[in-house]
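Asks: Single-letter residue listing:
There are 2 protein chains.
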Amino acid sequence: MKHGATAERILDAAQRLVQSRGFNGFSYADIAEELGLRKASLHYHFESKDVLGRALMARYRERFRAALAAIEGATSDARERLRRYAKLYLSVLRNEDRMCLCGMLAADFTTLARPVRDEVRRFFDDNEAWLARVLETGRKAGRLAFKGPAAAEAVMLVSGLEGAMLVARSTRGARRFEETARRLLASVGA
Amino acid sequence: MKHGATAERILDAAQRLVQSRGFNGFSYADIAEELGLRKASLHYHFESKDVLGRALMARYRERFRAALAAIEGATSDARERLRRYAKLYLSVLRNEDRMCLCGMLAADFTTLARPVRDEVRRFFDDNEAWLARVLETGRKAGRLAFKGPAAAEAVMLVSGLEGAMLVARSTRGARRFEETARRLLASVGA
DNA sequence: GTCTATAAGATGATAGAC
DNA sequence: GTCTATCATCTTATAGAC
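Those protein sequences? They're chains V and E, same order as listed. To convert a position in the first sequence, counted from 1, into the working numbering, add 925. To convert a position in the second sequence, counted from 1, into the working numbering, add 925.
Since the hints were made in silico from the structure, they are not lab data. Ideal Cβ positions, reconstructed from N, Cα and C, are used throughout, including at glycine. Incorrect hints may appear among the rest.
What the hints assert, rightly or not - Residues from chain V that face chain E, not an exhaustive set, calculated with beta carbons under 8 angstroms: (1) G947; (2) R1008; (3) L1013; (4) L1015; (5) V1017; (6) G1067; (7) G1085.
Between the sequences and the hints, there should be enough to build the whole structure, so can you do that?
Replies: Right, dumping it as structure tokens:
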């Protein structure tokens, strides 16, 4: 929990493992081997696996938040913002067929410690809130078209993208993901 | 692998555990305790966890296949078929907040034995093929409206429904799932 | 078919030397 | 900060009695 360079490397390894194998699909031994350290050393940086999980999610949320801010800074067009948002997911999937960290933890949800669960919920809340704003603004500007509350549409987009990642991993296809993402965006007029 | 009544009970317990905790989130001890048996006894019915996993998926695929056949027998209207298809997912989620067995195994995919992976792939293939037929038939009958190949639209529906289940479990809401499913179906005119 | 007993290894975690 | 040593517990799995 000191958060030096080693802690960061531990988080990197752990995140990769969670994204490809799930929270219960790896151990401290896996991380230690990858970094050339001993298991005991990891406990100095993250006293327990729960603490590690929470740190993982906190960092992921912060990075995602920054990525969303970058999108807002890059373009003010709603369609383009949605396209870039979908690309965020695609780049994760293309990186060694990884699942979204948060989608993976959503699957492992019932086995997670409270603080980790809370982080997972917050991730989805943040994402949906951001998307809802983009959707509503885009609709008012006449750039997007959909019925009903923007919040509900945001939930559908997040669900669709997470599900597309999930399925794509077992049917081997970033290709399939792209096509599905395209269709999802098309359904809101983007 | 003898498949008597006990084997069936083991599968029931194992399926429930996988659907709520993931394939790496439970052990033979959990099943044994639930059934009032000893761990060793389970190995008589399913020699290894991999074999158990495969049996689990085989049964699930068969049941799903039967459920799809039942839908076809109940109505010939494409919209109604899609509605019932979505209800299949909803009933799983409503049952103790479970995830689709196959969606959960898609998350655990990289940790699964080959035969289990193959079953997972087949599940998605079967589902998408069935949906594509319903979609195409419905479009020709003027009951559904969507652009592009029915197969691509089928992938989107499966992805959307699986993702909606995944997210709903962490944000506690069969309610949310229903709303999302409704919107997904609406996007194909149902 | 189910049990006891047992194995061999993994797992998350701690104490204390360096 | 990282190490060795050690821990209690869990995990999948097998052998053999009943």
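Asks: Each hint needs a verdict: does it hold in this structure or not?
Replies: Evaluated hints:
1. G947: holds (6 angstroms)
2. R1008: Because about 17 angstroms separates R1008/V from the closest Cβ in chain E, which is outside the 8 angstroms limit, the hint is violated.
3. L1013: violated (15 angstroms)
4. L1015: At about 13 angstroms, which exceeds the 8 angstroms cut-off, the nearest Cβ of chain E leaves the hint on L1015/V violated.
5. V1017: violated (14 angstroms)
6. G1067: Constraint on G1067/V not satisfied, violated at 20 angstroms.
7. G1085: holds (5 angstroms)
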